[in-house]
Amino acid sequence: MEAFTATEGVLQLVTFTLGSEEYAIDILRVQEINRMSSITMVPNSPQYVEGVINLRGKVIPVINLRKKFEIPEKESDSSSRIMILEIRGATIGIIVDSVSEVLRVASNIVEPPPPMSTNIAADFIKGIAKLEDRLIILLDIDKLISNSEESGFF
Amino acid sequence: MSDEMEEIISDFLIETEELIQDLDQKFIELEADKENQDIINDIFRSVHTIKGASGFLGFTQMVQLNHAAENVLKKIKEKEIVLTAQVMDVILETFDMSKVLLEHIKAKDGAQEDLTGIIKKLEEIYSTVKPKEVAHDEITRELPDLEGEIAAEEAKEAMVAEGAVESETIGHGAAGEETEEDASKQQIGEILVSDGKVTERDVHEALKVQNMIMDSIDTGEVPRVGEILTKIEKTSKDDVKKAVVRQGGQPEKEKAQTEQTIRVEVERLDNVLNLVGELVLARNRVMRVGTNLESKYPDNHDIAELSEANAFINLITTDLQLAVMKTRMQPVKKVFNRFPRMVRDLARAMNKEVELKLVGEETELDKSIIEEIGDPLVHLIRNSIDHGVEMPKDREQKGKPIKGTVKLSAYQEGNNIVLSIEDDGKGIDVERLREKILEKELASEEELDRQSQRELLEYIFLPGFSTAKQVTDVSGRGVGMDVVKTNISKLNGTIYIETEQDVGTTFLIKLPLTLAIIQALMVGVGDEVYAIPLSSVVETVRLERKDIKTVRGQETVFLRDEVVPIHRLAKKFFITSASSEEALKVYMVVVLLGDKKFGIIVDKLFGQEEVVIKPIEGYSGSTEGLAGATITGDGKVVLILDPAAMF
Chain A
1 MEAFTATEGV LQLVTFTLGS EEYAIDILRV QEINRMSSIT MVPNSPQYVE GVINLRGKVI
61 PVINLRKKFE IPEKESDSSS RIMILEIRGA TIGIIVDSVS EVLRVASNIV EPPPPMSTNI
121 AADFIKGIAK LEDRLIILLD IDKLISNSEE SGFF
Chain B
1 MSDEMEEIIS DFLIETEELI QDLDQKFIEL EADKENQDII NDIFRSVHTI KGASGFLGFT
61 QMVQLNHAAE NVLKKIKEKE IVLTAQVMDV ILETFDMSKV LLEHIKAKDG AQEDLTGIIK
121 KLEEIYSTVK PKEVAHDEIT RELPDLEGEI AAEEAKEAMV AEGAVESETI GHGAAGEETE
181 EDASKQQIGE ILVSDGKVTE RDVHEALKVQ NMIMDSIDTG EVPRVGEILT KIEKTSKDDV
241 KKAVVRQGGQ PEKEKAQTEQ TIRVEVERLD NVLNLVGELV LARNRVMRVG TNLESKYPDN
301 HDIAELSEAN AFINLITTDL QLAVMKTRMQ PVKKVFNRFP RMVRDLARAM NKEVELKLVG
361 EETELDKSII EEIGDPLVHL IRNSIDHGVE MPKDREQKGK PIKGTVKLSA YQEGNNIVLS
421 IEDDGKGIDV ERLREKILEK ELASEEELDR QSQRELLEYI FLPGFSTAKQ VTDVSGRGVG
481 MDVVKTNISK LNGTIYIETE QDVGTTFLIK LPLTLAIIQA LMVGVGDEVY AIPLSSVVET
541 VRLERKDIKT VRGQETVFLR DEVVPIHRLA KKFFITSASS EEALKVYMVV VLLGDKKFGI
601 IVDKLFGQEE VVIKPIEGYS GSTEGLAGAT ITGDGKVVLI LDPAAMF
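Sequence lines, in order, name chains A and B.
Each residue of the first sequence is one higher than the one before, starting from 1 at the first, in my numbering.
Each residue of the second sequence is one higher than the one before, starting from 1 at the first, in my numbering.
Hints are not guaranteed to be accurate.
Quick list of the computed label-pair ranges, beta carbon to beta carbon [to be verified]:
1. Asp270/B <-> Gly19/A: 39 to 47 Å
2. Thr486/B <-> Asn34/A: 30 to 38 Å
3. Gly9/A <-> Lys326/B: 53 to 61 Å
Far from chain B, some chain A residues (derived; all Cβ distances over 12 Å) [stated by the list, open to error]:
4. Pro72
5. Ser98
6. Asp140
The calculated DSBU-like cross-link candidates involving lysine-lysine, where the alpha carbons are at most 30 Å apart (straight line), are [as the list claims (entries may be wrong)]:
7. Lys636/B <-> Lys74/A
8. Lys74/A <-> Lys571/B
9. Lys67/A <-> Lys571/B
10. Lys75/B <-> Lys99/B
11. Lys407/B <-> Lys393/B
Just so you know, these hints were derived from the structure itself, not from any lab.
Quick caveat, the model's predicted, so the values are computed rather than measured.
The beta carbon of each residue, even a glycine, is placed where N, CA and C say it ideally should be.
Please model the complete structure; the sequences and the hints are all you need to start from.
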């Protein structure tokens, strides 16, 4: 679990939802969580790039995770959030349905991803945390934005 | 190493770099005007300064090298050595080596270069002098090492003491200043005596030592009295330092006059520029709110006053912006300086005779542009010399002067700076170019027939395109021209070629004055707003549907006796818009790039705005036709189009 910061076997995660599934990202990779703001479309960019936003004077791209994971799209609502992450030196935003909580889980409950468990390409999945009544998918955000063959971005 | 030392070394690096840069330039001047004693003196002084400063800081190799060069220069100065091209080559080589050494010092890698070859060459030249000089030569030849040792040791100890007067030590070194130095020697001794730190005898002794050293070294750096006193342990370096500070307390008139510039870290200037950028955006926003309020409450006195204040802020911001811009402006001379040397070397290597003319060196450009424009210019100049200027005998046959001319000029044209590289060589063979285009299957014969000469010449900038029959190590590998074009486009500039067979070729580069803040025309397509850099906009026209004609599948407009191809922004960006083919009336923005003119069809025109170009994080492609983004008064992101990369 080198992509996650584990202190004495405890992982600190920010969890969010996309459709019916629950995901998590290492808390140290999340810069901030914002409400939806006006997004400017960028022509001819990869389809999962929703556009760019103004983050206090910085222009950053925003990725629609639903599009990236090929989950049917949904209009943004009052619980939609843009999570600002730092991926390989670039600041980017990801649109999620809602941000749930900050969670501390023991690293030993995280299991490697089972084959073909979800419709997300297994590349992005770092592991699955099994909690009492729920499953949380741990994302490897560095792999999220690595398709360098996509024009323009990254 | 202490911070103070670091600082002194970094000053030394900057200054020496500048000196060496100037030396190249001066030498080329000297070659053209061999009798000019002023230039020789200048060069001599610079080399002496470099040697002195390096010796002081303990850069032994630098001292050895420059010392050998200095000896030769001295003989040139005294007209005992004739300045032939061979001698020039060796001396220029010396400076190249100095640059290498300087890089080592900069990198702090402690690497040594093998100097025996170059020093031997210098000594060979030196030994062509009349025999009676040889004895003198031997004495001086012994010195660099000795000096280096002294300096290395002293650099550590006496650095602190010297810090306060370092500009004096490093900055000068001319013979004429000896008297001035004498005065200060007296003073430093006097101060120390009056402080009771040393006795008068000690000072006299130190002066004696200094005189001895001065007599034996005719060109070297003389240790200062303070250093000698410290060295012979008559006083502590702290005391000397104090005394030096006091000595500096009596300002020299000359010094006060020269202190008119200060060095500022670029980072700080960039920071100020960024802040001004933000200020411009905030001003735009305030202005917008003000205008809205005014139209809502036309009779409100307070709002009228607000508008007045706004107008004032507007004015100040504009002035401030201009002032900050100016701090970043540098004369193109900085780039041009390296070319005389390059042209000379290239011409010699190719056995051609080329004269480089520089025009408008004082023209100023933004620092970031200055930094980026060097490489493209190097390439174009090489190109002109390699492919443009003919061999002397060919030129003679054609009835041209044997010496070819390459003219590099810079001038301002409106909000742009134009750089042109003009040669009087053979010109580009357009017929051969055509063949080449066909051969490479870049276009069909039919297509080429339709194109103007200007358009044909554009093919030169395509990757992998080269018309040189032979590949030389100078140019002709087909890498380069496309890089030149890309680099210039990155700077929001354009390049085009004018050529005439046997008359010559001119490359024209048009660059914006500055990069960060531009005037833009805001246009609307569908729900989207885009900014088009105003520098490329010629006019805006309202069109009716019947004005648009389709020629060979390309929509065009007949605009004042000129056929202008048009592009629909909505189509290009896949936006549903009102300006579709069916619309009865649309707006067209006419864009001129180089001499390529075309229209961009948009739905709405919002007017002109000053925008700050911001990069989009993680976005790398200019291929998409975007130059960046900006943030408008209402906090929204608006994309800036790059018409050059778009159609």
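Hints, one by one, checked against the model:
{"no.": "1", "hint": "Asp270/B <-> Gly19/A: 39 to 47 Å", "result": "45 Å, holds"}
{"no.": "2", "hint": "Thr486/B <-> Asn34/A: 30 to 38 Å", "result": "36 Å, holds"}
{"no.": "3", "hint": "Gly9/A <-> Lys326/B: 53 to 61 Å", "result": "59 Å, holds"}
{"no.": "4", "hint": "Pro72", "result": "21 Å, holds"}
{"no.": "5", "hint": "Ser98", "result": "24 Å, holds"}
{"no.": "6", "hint": "Asp140", "result": "18 Å, holds"}
{"no.": "7", "hint": "Lys636/B <-> Lys74/A", "result": "23 Å, holds"}
{"no.": "8", "hint": "Lys74/A <-> Lys571/B", "result": "26 Å, holds"}
{"no.": "9", "hint": "Lys67/A <-> Lys571/B", "result": "23 Å, holds"}
{"no.": "10", "hint": "Lys75/B <-> Lys99/B", "result": "23 Å, holds"}
{"no.": "11", "hint": "Lys407/B <-> Lys393/B", "result": "21 Å, holds"}
Violation of the numbered hints given earlier is absent; every hint is satisfied by the structure.
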